[in-house]
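A.B. asks: With the first letter of the sequence shown counted as 1, position 628 gets the number 627 in numbering that gives the first Met the number 0; the numbers rise by one all the way through.
Hints in this document: simulated from the structure, not taken from any laboratory. Just so you know, these numbers come straight off a predicted model, no measurement behind them. There could be a bad hint or two in this list.
What the hints assert, rightly or not - Computed list of lysine-lysine pairs in DSSO-like fashion (alpha-carbon distance at most 30 Å, straight line):
no., residue 1, residue 2
1, K514, K192
2, K514, K678
3, K514, K713
4, K713, K678
5, K678, K508
6, K192, K508
7, K713, K508
8, K156, K713
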Amino acid sequence: MRSVNTTSLPCATLGAPAVGASAPAADCYHCGQPAGGGLRASVAGAERGFCCAGCLAVAQTIHGAGLESFYRFRDGLGRPLDDAEGQADLRAAFGQADIESLYVRAVDAGTAEAWLTIGDLRCAACVWLCEQHLERQPGVVAAHVNHATGRARVRWKTAQTGLGRVLDAFAAIGYRAVPFQPGAANDGLRREKRGLLLRMAVALLCMMQVMMYAWPLYRHEASIAPDQWQLLRWASLALTLPVVAYSAWPLMRGAWRGLRHGRPGMDLPVVIGILAAFGASVAATVANRGEVYFDSVTMFVALLLAARYLELVVRHEAQDGGRALAAQLPATCARLRDYPASREAGLIALQQVRPGDVLRIGPGEAVPADGRVLEGATQVDEAMLTGESRPIAKGVGDGLVAGSHNNGSPVWMRVEQVGGETRLARIIQALDRALEEKPRIAVLADRIAVVFVLALIALALATGAVWWWIDPSRALPVMIAVLVVSCPCALSLATPAALAAATAALARKGVLVVKGHALETLAQVTDVVLDKTGTLTQGRFTVASVEVSGAMDARQSLALAAAMEEGSTHPAGLALIAAAREAGLAAPQVDGARHLPGQGVQASFAGVAMRLGSQRFAAGARDTAPSPPLADGRDEAAGAIATQVWLAGDAGPLARFVLRDAPREGSHEMVRALQAMGKRVHLVSGDDARTVGAWADEFGIRSHAGGVSPEGKKDYVARLQARGAIVLAVGDGINDAPQLGLAQVSMAVAAGTPLARASADVILNGHGILGVAHALRTARRARRVMRQNLGWALAYNLSFIPLAASGWITAWMAALGMSLSSLLVVGNAWRLRR
0 MRSVNTTSLP CATLGAPAVG ASAPAADCYH CGQPAGGGLR ASVAGAERGF CCAGCLAVAQ
60 TIHGAGLESF YRFRDGLGRP LDDAEGQADL RAAFGQADIE SLYVRAVDAG TAEAWLTIGD
120 LRCAACVWLC EQHLERQPGV VAAHVNHATG RARVRWKTAQ TGLGRVLDAF AAIGYRAVPF
180 QPGAANDGLR REKRGLLLRM AVALLCMMQV MMYAWPLYRH EASIAPDQWQ LLRWASLALT
240 LPVVAYSAWP LMRGAWRGLR HGRPGMDLPV VIGILAAFGA SVAATVANRG EVYFDSVTMF
300 VALLLAARYL ELVVRHEAQD GGRALAAQLP ATCARLRDYP ASREAGLIAL QQVRPGDVLR
360 IGPGEAVPAD GRVLEGATQV DEAMLTGESR PIAKGVGDGL VAGSHNNGSP VWMRVEQVGG
420 ETRLARIIQA LDRALEEKPR IAVLADRIAV VFVLALIALA LATGAVWWWI DPSRALPVMI
480 AVLVVSCPCA LSLATPAALA AATAALARKG VLVVKGHALE TLAQVTDVVL DKTGTLTQGR
540 FTVASVEVSG AMDARQSLAL AAAMEEGSTH PAGLALIAAA REAGLAAPQV DGARHLPGQG
600 VQASFAGVAM RLGSQRFAAG ARDTAPSPPL ADGRDEAAGA IATQVWLAGD AGPLARFVLR
660 DAPREGSHEM VRALQAMGKR VHLVSGDDAR TVGAWADEFG IRSHAGGVSP EGKKDYVARL
720 QARGAIVLAV GDGINDAPQL GLAQVSMAVA AGTPLARASA DVILNGHGIL GVAHALRTAR
780 RARRVMRQNL GWALAYNLSF IPLAASGWIT AWMAALGMSL SSLLVVGNAW RLRR
């Protein structure tokens, strides 16, 4: 998704007239200020007036870059956020085809989707209302609202609806939605925090003053003259009025919205309690008799807003990683006009970068798109993307990812992916999808909270009726206390706050949770099934030796093997290809090459069927396996564990290639950490059993199996599950996809194949494998915190409601207890950020 960056444009006043508007002729076409000097030029096919040469140059640049929509778009953005007419104009602007194309992604022919930022999401009821209302709109296929990030993903049929109508649908139920833009999202978050902080400050200030007036009434009631008593009451009313009218306004708006659409949320009992207490206090003040509860009202609102401010900070932790990543992209970049003939570069906007462009990335600059190094060598910092703290060496042919930083010399890169197709964009989308599918414990909490709201309102009314019969003077205070003390704020916040904090903590470690059930299931894992190549080991093989036993020599065998592996993405195949190229060997002609996942390659060379792969596969249909030139699969070099790849024809074995690999950084520590947590670790690989056994000894893994096909890996996981195991499968290749799909929870290395990533619930985006242990440890902590939160919230409500109903707890005590309960729940979840 793209956005128009106007912050660097001189005189770029967002309130300037739009194209086609009836702007006075004396106003500057670009900035809307008086033209004065009478400078005129032809722009966009019409004569325009400008106040200065700077505005003229900027306008010509904007139109030359194909960004004419800026002049229509900015008029809506320039209006106040609470201007209904301005918001309607803004939604209409987003519905225009050229502007819509900046924010909408085509899913397939006839289907599109967009990410939106939703304002004023309060609780699970808001999420339910938005999703249900949107999915009833004509043409809308699916709508998923993420309460933790405040964003929604909406998919629709383009023939029936569009972005503008989707935004109108949100507005119809009282929510302000705009297409997600990283910069705008940061601004929106700052506005939301600033607004809530200001309302909280007003409530706290007024609360302190009202408490000062209430204290003499409590402590020295008999010694205060009636006229002074009444003066204190009126002063308290004056101070409580801004709290109710301003500070508590978002609560009232949320309560009315849920009530109007038949989905009462946790704001409803809060607002009923506030209005009942305030109304009774006003009546008592005017009549000069009865009790007043101004201190309880101001305390309740102030403490509730404090709890919600803390919850807002924790809730947005889940999207901090995505916002920080998006902020790494540069606004402009240097594109070479005629590479390689010329090194002359011109500065262009990020939105103008296209696949195939050649860009110059200077020292200290950010990489704007995904691509590969064409020229030069440097060190690149990918810490924001992967969690890897050390710079990574990059040379010709190595990949560069958007958002990383060049810490060394200048390099020239060829762009391969831009915009929403970059790895950075996919990471941000994965972070947003992490909480779309709620775990069972979160769904249960939401259901309990919704039922609880209705039940407690009925309970409060029943309690008030009983006390009206017992003591009418205490009926209203007791009913207010029941409403306030039983508000399910803590219950509703118990799981979302913990999930958001845990997801954010893992994202900072380079572990991306992309399925909602993952955290819950990770906490229950008993067995971890690991792949070897590319998971425990680096998967970047080098050819250590070539041993022949047929008619071809070593060079001929290597050239044939490389030709058969042409186009392969398997680490062993890439090693053979690289070794042949390094030796300058010409590839012979092979026919009918066919790659069999988990086994090898078969092809025809000079009319003879050839097989390249594991020893068993190379043996083909013959009853006896080829006689190995060496006795085992371990390279004789000190401490180096090697893998064998066999080349055989119909007449028997031709060569054996010994490929040397190395452990992935952190593999030993990860295995030890898993074993220390009491997990049973299994090493299952398609490599021959002898090699796998050697690696298992290296890592101290007792359960291992070699020569296992993709179906065999799936069967291995199934056998563990049949014994009652909760299995975590970790892999990176095509042959790992079946076991990743069958396991209760799965992880894929981000550098692995797309199929493996698509099958996984968690993606290890960093270079280290220690993320497996981090994920299990954090999931266990998150489960413990969620249980603590739910237990505390339920215990608090179930124990304090009887006390309030029996009259032992007053309204101000109820307000203090409810607010402290919410603060405790959110603060407990906040610990997961560490």
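A.B. asks: Each hint: holds or not?
C.D. replies: A quick look at each hint next to the structure:
For the given pair, K514 sits about 28 Å from K192 by alpha-carbon distance, which is consistent with the 30 Å threshold. The straight-line distance between the Cα atoms of K514 and K678 is roughly 22 Å, inside the 30 Å bound, and the hint therefore holds. Of the pairs offered as hints, the one joining K514 and K713 holds, with about 21 Å between alpha carbons and a cut-off of 30 Å not exceeded. Between K713 and K678 the alpha-carbon distance is near 19 Å, which keeps this suggested pair within the 30 Å criterion.
Pair hint K678 plus K508 holds up; C-alpha atoms about 21 Å apart against a cutoff of 30 Å. The hinted pair formed by K192 and K508 meets the criterion: a straight-line CA distance of about 26 Å does not exceed 30 Å. Of the pairs offered as hints, the one joining K713 and K508 holds, with about 29 Å between alpha carbons and a cut-off of 30 Å not exceeded. Distance check on the hinted pair: K156 and K713 sit about 37 Å apart at the alpha-carbon level, beyond 30 Å; violated.
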